[in-house]
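Colleague: Please work from the sequences and hints to get the whole structure.
As given, the protein sequences belong to chains A and B, one line each in that order.
Quick note: to get the working numbering, add 88 to the position in the first sequence (first position is 1).
Quick note: to get the working numbering, add 88 to the position in the second sequence (first position is 1).
Be careful, since some hints might not be right.
Treat identical chains as interchangeable: a pair holds within one or across any two.
[To be verified] When the alpha-carbon atoms are kept at most 20 Å apart in a straight line, the in silico SDA-like pairs for lysine to any residue are as follows: (1) K590 / R565; (2) K424 / G317; (3) K238 / N279; (4) K238 / N299; (5) K603 / D425; (6) K151 / H347.
Hints are computed from structural coordinates only; laboratory data are not their basis.
Protein chains: 2
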Amino acid sequence: MAAENTLSTIDRRDLDFQLFEVLEVQRLAARPHFADHDRETLAAALDTAQAIAAAHFQTHNRKNDLHEPSFDGNRVTIIPEVRAALDKFIEAGFMAAHRPYDEGGQQLPWSLLQGCFACFNAANVASTAYPFLTIGAANLIGSFGNADQKTRYMAPMLTGRFFGTMCLSEPQAGSGLADIRTRATPLPDGNYRIQGSKMWISGGEHDLSENIVHLVLAKIDGAPAGVRGISLFTVPKFRVNDDGSLGARNDVQLAGLNHKMGFRGTTNTLLSFGENGDCIGQLIGTPHRGLEYMFMMMNEARIGVGLGATSLGIAGYRYSLDYARQRLQGRAPDNKDPASPPLPIIQHADIRRLLLAQKAAVEGALALCLYAAYLVDIEHTAASPEEKQQATLLLDMLTPMVKSWPSEFCLEANKHAIQVLGGYGYTRDYPVEQYYRDNRLNPIHEGTHGVQGMDLLGRKVLMQNGAGLALLLNTIRADIAAARDLVPLAGHAETLEAALQKLEQTTRAMAPAAKDGRIALYLANATLYLDMMGHVVIAWMWLRQARIAALALAAGADAGAGAAGSEADFYQGKLAACRYFYAYELGKLDYWLPLLARLEPATLEMQPAWF
Amino acid sequence: MAAENTLSTIDRRDLDFQLFEVLEVQRLAARPHFADHDRETLAAALDTAQAIAAAHFQTHNRKNDLHEPSFDGNRVTIIPEVRAALDKFIEAGFMAAHRPYDEGGQQLPWSLLQGCFACFNAANVASTAYPFLTIGAANLIGSFGNADQKTRYMAPMLTGRFFGTMCLSEPQAGSGLADIRTRATPLPDGNYRIQGSKMWISGGEHDLSENIVHLVLAKIDGAPAGVRGISLFTVPKFRVNDDGSLGARNDVQLAGLNHKMGFRGTTNTLLSFGENGDCIGQLIGTPHRGLEYMFMMMNEARIGVGLGATSLGIAGYRYSLDYARQRLQGRAPDNKDPASPPLPIIQHADIRRLLLAQKAAVEGALALCLYAAYLVDIEHTAASPEEKQQATLLLDMLTPMVKSWPSEFCLEANKHAIQVLGGYGYTRDYPVEQYYRDNRLNPIHEGTHGVQGMDLLGRKVLMQNGAGLALLLNTIRADIAAARDLVPLAGHAETLEAALQKLEQTTRAMAPAAKDGRIALYLANATLYLDMMGHVVIAWMWLRQARIAALALAAGADAGAGAAGSEADFYQGKLAACRYFYAYELGKLDYWLPLLARLEPATLEMQPAWF
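Modeller: This is the structure in structure tokens:
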């Protein structure tokens, strides 16, 4: 009962396809920062991640769910497999892999590291959350912290001695950061006294590491109201002496563990800062710019959430695919002979639909997350200010979809995985129900689905007078142009171009409301705009994948060799999934676009008393 | 932590609206069978159900989830609250309420009983499953069993001494009943020796009742292959002596409990029949007609599943609505003053959308389930063969949507309820995550979502040369005609008529494939056809509700009294939810219909090797 899933949870062939054939990350080696890498070294990192994920993460994914962290009022107990897996992760150098050599890193491209994280997440998303958070916190200190904070906190995070957290939400203020109440009072020595409660803090307490470095949003006494008065602080669980050894316990207390429906293996906490008046923090950067710093790291954090959602989708897809190949049940609709043997259910059209829907969602989402991560690499190693500015703009534009589309539609994919298994899928003897429970978190944290919609339509579409949207559309059009001449893709290229034109018309039709004081109406359907834009972006990702597949098949056909057997099947699968997405998913624009264009007011006009 | 939800889980005002204003079930009293009932007696039954549900079912809904039934190899242990609640249910006479007086029943309309079941299901779907299954099994014996089976098994089920189960699936044959392997060997005394395994049997073992009567599908030795060789048997856990006392244990063994992601409070079992060669069963009706009997009761069972899904949707909607009224967070998009107080989140358009989506789904689904149950009442008390035939035909036609639409879209509603609560919704401290887990079962059991699609498009649409579909469309058109003259509904009436015409065109465009040997292609998108038809049917249900609401508001306005205050709000809410459904949901037909009309072959043409 409830055995661990021993099937490989990641499709390495697809990871290689996405990274080395579609994105061609090996070309990053042309940039000085990545000059020591080539396809071989990059693939070796994936090999290591895949092996550790399979041997140490996947093996306790279910156990972690069944035996979630517990708190006896004194200490948090976590099954020992988590620490053992994280030790392997740290030993292999993944905590610092993307950091510069002089920090002990390997200068691994962020996109490649995301490929590694796909392996870890697909194997065990809950245990992977600890290093994910730590790397995010370390990057933030690396970008905005002072030399002391880098030495005292970041360096031991990169070696895995310390872990990190992000402390934004409060019990009374989830998405509404303007209303956080945590206070920071300046002390004579330049430090701050921190006081307040933080909610939903993942990794907020555990004994997996020597120390935990909390990055805490708080308002300095007398700060302006709202988001412009928020500052950011490093708040360690144990104070750190100048020689790097641990000092006294800081006044950060675990007030309670949250017991979630999934992601159970990650401690999720309510933390009390300064209950005894003795919580000391250090300001990061300058006062009142905390949210700005957070947002500057947000793109990377949100890629991580999208990738986590995608990885759960992949794991569910692979399990249900394997099941569908083996499970015998039913006959073809035109076979009336009950004595004929039952078919593997993968032969049934509706099961194939459920599998294709998953494949199209998870491989489309993976392409998007890796594309966004690749933009991070370009941004960080740009040869010119123009290149950097373009990468940043495109990434800013894409981030709401990168975070939200996988969260929504790979959750749907996990729903389909359960459906393929039927009653078995609904039991805890099979892994797919856990993926579904785990994945339900992703549309909520790191900015809810609704918040992403507001960010896209209220900020990103409007920014720089529409330059972000224009850049996105131009970028898509370049790929349409590249695909148009390939016979199997001409139709898709045309369909996508038509979709872009309708998207432009719709956005233009909505625009006046943003400027003439009807901002609430303009934003009323922001979530639908987000889903619509996400579908367009994923259609683009499929066109990019299909182009590479078509070229590979053509090359094989031309030479009478090359792509053949299972390789040809792999590329045919890419063409078929692209076709599915255009036939079954892109058509949803015909539902979204008219509703958006007419600025449908039904939800705005609904009165609370009428519910 | 994980406290019971103490908020009322059912909207009694809406139940009264649906039953007494829209369906006007009190008019059933004009039929001799229901002559003793009037609105008062019917409302009294609802009062009783609501009170027992609140006091005895809702109070252990979470506890049942946290402490699921366990099996020590010897006996199954269930928390005592379940038995206590069911005792109240039985004492109040609900087990036999719909049966004739001469069986100890109250001749309560089936539609009204479903209203009662909505109360029980919304309070605790897992505990309600036991009487739900028992009533279904008793009805089956009542319809097809012989006098001995009625006395020996049905009578004690109606008094709650015995409970019942339905044993269809087997480990190797879930949806594929043609391949069941359970055997029945005739014995000289007219009984049968049963041998085989049955999977996913809810209520298959427990000590909540003196005895359990399993209704088992099995093949008599030498029976034809496939579904035409299946017979139905009563197989008691304990044999029953002629005087009604319990005899020896029959050879039915619990082989294991299934541990599900939700619905945890209902034992779900793998049962072994005749492992020691001593399992005795009695044939129901004549040999080889077992599946036919099952299918004749299927409409009622599937209404029950749809209603269960709906009830979970209602409970989640009500909880998230209450939360949205109280939770303060964020400001209006045009309010730039961070010092202004945060708003109740119900003021935000996207939260209102999530609430309206739930309201439209759960109240639309409730209307459909009760409408179908009302057809059962008409069918059973028809004054003429024509009336009966029409009711049966319409019910047969509607059943796939009655089962599937709530299962799919009230699950989606539960997803929205979690989203309204954000991180809180994702924790087990709040009830909505359990509703979501519980509801995930409904698209799987009693015929999967895919099976319902095949049933609708492959059987119901084609039956009697399209007479079922024609009757459905005519019935809808009668309600369109009745709504057309009401000013607030004229637009909706027109929209629905246009949808019907497109539905007809699409169905006609698909029809040739069903006849010219392309049956696999015809059925390839059956699930999408099902969802599409479901949306049309729910739009119809909303037009019916809106008509009553518009009339009530008009009457109040005319008379300068009547509907006012909260009553007017209630009716305005109906109009607003109807408007939401037409604006946000019916537009999805523009996505489904073209795909269906062109007989999209992408899933059929996908090759298994390409995945």
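Colleague: Are the CA atoms of K238 and N299 at most 20 Å apart within a copy, between copies, both, or neither?
Modeller: within (15 Å within a copy, 70 Å between copies)
Colleague: My question is about K238 and N279: at a cut-off of 20 Å on alpha-carbon distance, are they close within one copy, between copies, both, or neither?
Modeller: within (16 Å within a copy, 82 Å between copies)
Colleague: Should K603 paired with D425 be assigned to within, between, both, or neither, using CA atoms and 20 Å as the limit?
Modeller: Result: close only across copies, 19 Å inter versus 66 Å intra.
Colleague: Is it within, between, both, or neither for K424 and G317, if the alpha carbons may be no more than 20 Å apart?
Modeller: between (72 Å within a copy, 14 Å between copies)
Colleague: Between the shortest in-copy and the shortest cross-copy C-alpha distance, which are at most 20 Å for K151 and H347: within, between, both, or neither?
Modeller: both (16 Å within a copy, 15 Å between copies)
Colleague: For K590 vs R565, is the C-alpha pair at or below 20 Å within one copy, between two copies, both, or neither?
Modeller: within (14 Å within a copy, 34 Å between copies)
Of the numbered hints given earlier, the model fails none.
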